[in-house]
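Participant: The lines below spell out each chain.
Protein chains: 2
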Amino acid sequence: MKTKILIVDDEESICEILSFNLEIEGFEVDCAYSAEQAMKMPLEEYSLIILDVMMSGKSGFKMAKEMKESPLTADIPIIFCSAMGSEESKVTGLTIGADDYIAKPFSVREVVARVKSVLRRCHKEGDSQILEFKGLRVDILKHKCYIDSSEVALTKTELEILILMLKNPGRVFSREEILKRIWKDEVIVLDRTIDVNITRLRKKLGEYGNYLTTSQGYGYGFNI
Amino acid sequence: MKTKILIVDDEESICEILSFNLEIEGFEVDCAYSAEQAMKMPLEEYSLIILDVMMSGKSGFKMAKEMKESPLTADIPIIFCSAMGSEESKVTGLTIGADDYIAKPFSVREVVARVKSVLRRCHKEGDSQILEFKGLRVDILKHKCYIDSSEVALTKTELEILILMLKNPGRVFSREEILKRIWKDEVIVLDRTIDVNITRLRKKLGEYGNYLTTSQGYGYGFNI
DNA sequence: TCTGTTTGTAACAATTCTGTAATATCTGCT
DNA sequence: AGCAGATATTACAGAATTGTTACAAACAGA
Numbered sequence: 002m003k004t005k006i007l008i009v010d011d012e013e014s015i016c017e018i019l020s021f022n023l024e025i026e027g028f029e030v031d032c033a034y035s036a037e038q039a040m041k042m043p044l045e046e047y048s049l050i051i052l053d054v055m056m057s058g059k060s061g062f063k064m065a066k067e068m069k070e071s072p073l074t075a076d077i078p079i080i081f082c083s084a085m086g087s088e089e090s091k092v093t094g095l096t097i098g099a100d101d102y103i104a105k106p107f108s109v110r111e112v113v114a115r116v117k118s119v120l121r122r123c124h125k126e127g128d129s130q131i132l133e134f135k136g137l138r139v140d141i142l143k144h145k146c147y148i149d150s151s152e153v154a155l156t157k158t159e160l161e162i163l164i165l166m167l168k169n170p171g172r173v174f175s176r177e178e179i180l181k182r183i184w185k186d187e188v189i190v191l192d193r194t195i196d197v198n199i200t201r202l203r204k205k206l207g208e209y210g211n212y213l214t215t216s217q218g219y220g221y222g223f224n225i
Numbered sequence: 002m003k004t005k006i007l008i009v010d011d012e013e014s015i016c017e018i019l020s021f022n023l024e025i026e027g028f029e030v031d032c033a034y035s036a037e038q039a040m041k042m043p044l045e046e047y048s049l050i051i052l053d054v055m056m057s058g059k060s061g062f063k064m065a066k067e068m069k070e071s072p073l074t075a076d077i078p079i080i081f082c083s084a085m086g087s088e089e090s091k092v093t094g095l096t097i098g099a100d101d102y103i104a105k106p107f108s109v110r111e112v113v114a115r116v117k118s119v120l121r122r123c124h125k126e127g128d129s130q131i132l133e134f135k136g137l138r139v140d141i142l143k144h145k146c147y148i149d150s151s152e153v154a155l156t157k158t159e160l161e162i163l164i165l166m167l168k169n170p171g172r173v174f175s176r177e178e179i180l181k182r183i184w185k186d187e188v189i190v191l192d193r194t195i196d197v198n199i200t201r202l203r204k205k206l207g208e209y210g211n212y213l214t215t216s217q218g219y220g221y222g223f224n225i
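Chains as they are written, first to last, in my numbering: chain C, 2 to 225; chain D, 2 to 225.
Hints in this document: simulated from the structure, not taken from any laboratory.
Check the hints yourself; a few may be wrong.
No copy is singled out in the list; a pair is fine if it fits within one copy or between any two copies.
Said to hold, decoys possible - DSS-like mimics (lysine-lysine), calculated; alpha carbons at most 27 Å apart, straight line:
#, residue 1, residue 2
1, 63, 135
2, 117, 181
3, 117, 185
4, 204, 117
5, 204, 135
6, 181, 143
7, 205, 66
8, 168, 143
9, 59, 157
10, 181, 5
11, 135, 66
12, 66, 5
13, 143, 205
Predicted model, so just to flag it, every value in this text is computed and none were measured.
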């Protein structure tokens, strides 16, 4: 399977040139022309995202921040690119949210080199993205959960909670933390909502539900 | 209790992005926007300080130097970061006692990696903060207590008292001190409440309960 | 639009925690 | 030993936390 890369830039010509060159290098490349459009795509399928900082509508930085908040997409490396203009200093500040940074105008050669470098650094090439514990298996790319090879139907919320917990087994997450990472800052829901979702998850996971433990006064965790 | 990190940088955006990402990693993060402001904070509470070299007002170097002069703060690891990637400032930083050095612009992933590395090196890692005495073990992050590898169920209050004592073995805590640190100022409870909780703790800890000693007229302590 | 699913909320039940008070025991001193 | 002050123990009820269920709104697909 080819390594997939997503380019998000409102300048169509840039997308074209980049995707052309990256495809020559053997990558599979998709393009989005706005952050809004990109956010509707199945981001977790991509091994790397090239993100323009300055776009009309949602900025690349904002999009990156949202990605970091979801356990599904938090680990995807991002390369920012932006025109070095009057806001040079601001750009410097923003770049640190990324795994790499490229200033426009850039040479195609440079971009390809950085893409390869970041992928090497993050060991993400061909990464299967599967979480496993005994007979419990979660395929992050496919959004599926299996127990002993038979599928368990989890809803999006349930799956994200499970992924968050499974990625940090043993760690206890406070309700506040869970809200921040599953529901983002935009939506406001009650603490009790977490409890309800944990209950649902436990029920669906059967015997494995017992590993989702409560730390009274602290929160929840996946306890091995 | 989470590992606390202080970020000192006059660029607010940098503070934001770093703190956001470090919080996701499970650290508790505070920010200061100048060395002067930072020096007014209770520095000894932090397990690590990320310090910008170039700030208006007092420089990061100067602040580090002052920290090294106080026994309270001399051992806190410091990671310098600076826009000038010149070898010169790097050398200055390391001689002053910095534990690591990062040149801007940096990737968040890099910073997080270095933070973890430094904490690991200093035996203060955020992944598994563990207090241990013979067969008694407390995992602070997991909020769990074990005796000879089997879990002992402690309540929140009991656990907090035990952690307080175990962190300062030999030291005697007055009731007043214990109230202040476990119950904060918010809640007001009787002195006798402490006694009851100590009793409960002793019973649950079995043989190790004997190490929780009373200093008549003074208070309690974990006496090795 | 109809239908089924997902998801948050509310209400209530079950459980666990925790401070208090009453009583017993201990400690240091004379 | 006897006393006074300090600490230990116990039981209990109220508080706090968590679990469960049912329901309705929002959503998605046909």
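Participant: Next, verify each hint and record whether it holds.
Facilitator: Structure-based check of each hint:
1. For a Cα distance limit of 27 Å, the shortest separation of residue 63 from residue 135 qualifies neither inside one copy, at 37 Å, nor across copies, at 49 Å.
2. Within a single copy, residue 117 and residue 181 get their C-alpha atoms only as close as 31 Å, which misses the 27 Å cut-off; across copies the closest is 22 Å, which meets it.
3. Taking identical chains as interchangeable, the C-alpha atoms of residue 117 and residue 185 lie at most 27 Å apart only when they sit on different chains, with a minimum of 25 Å there against 30 Å within one chain.
4. Neither within a single protomer nor between protomers do residue 204 and residue 117 lie at most 27 Å apart by alpha-carbon distance, with minima of 37 Å and 36 Å respectively.
5. For the identical chains of this complex, residue 204 and residue 135 are intra-copy neighbours only, at 18 Å inside a copy versus 36 Å across copies, given an alpha-carbon limit of 27 Å.
6. When the C-alpha separation of residue 181 and residue 143 is checked against a cutoff of 27 Å, the pair qualifies both within a copy, at 24 Å, and between copies, at 19 Å.
7. In this assembly of identical chains, residue 205 and residue 66 lie within 27 Å of each other by CA distance neither inside one copy nor across copies; the values are 31 Å within and 45 Å between.
8. Taking the shortest Cα distances, residue 168 and residue 143 sit within 27 Å of each other both inside one copy (16 Å) and across copies (15 Å).
9. Only within a single protomer do residue 59 and residue 157 lie at most 27 Å apart by alpha-carbon distance; the minimum there is 24 Å, versus 43 Å between protomers.
10. For the identical chains of this complex, residue 181 and residue 5 are neighbours both inside a copy (20 Å) and across copies (19 Å), given an alpha-carbon limit of 27 Å.
11. Proximity of residue 135 to residue 66 under the C-alpha cut-off of 27 Å is found in neither arrangement, the shortest distances being 33 Å within a copy and 44 Å between copies.
12. With identical chains, the CA atoms of residue 66 and residue 5 are at most 27 Å apart both within one copy (21 Å) and between copies (22 Å).
13. Taking identical chains as interchangeable, the C-alpha atoms of residue 143 and residue 205 lie at most 27 Å apart whether they share a chain (18 Å) or sit on different chains (25 Å).
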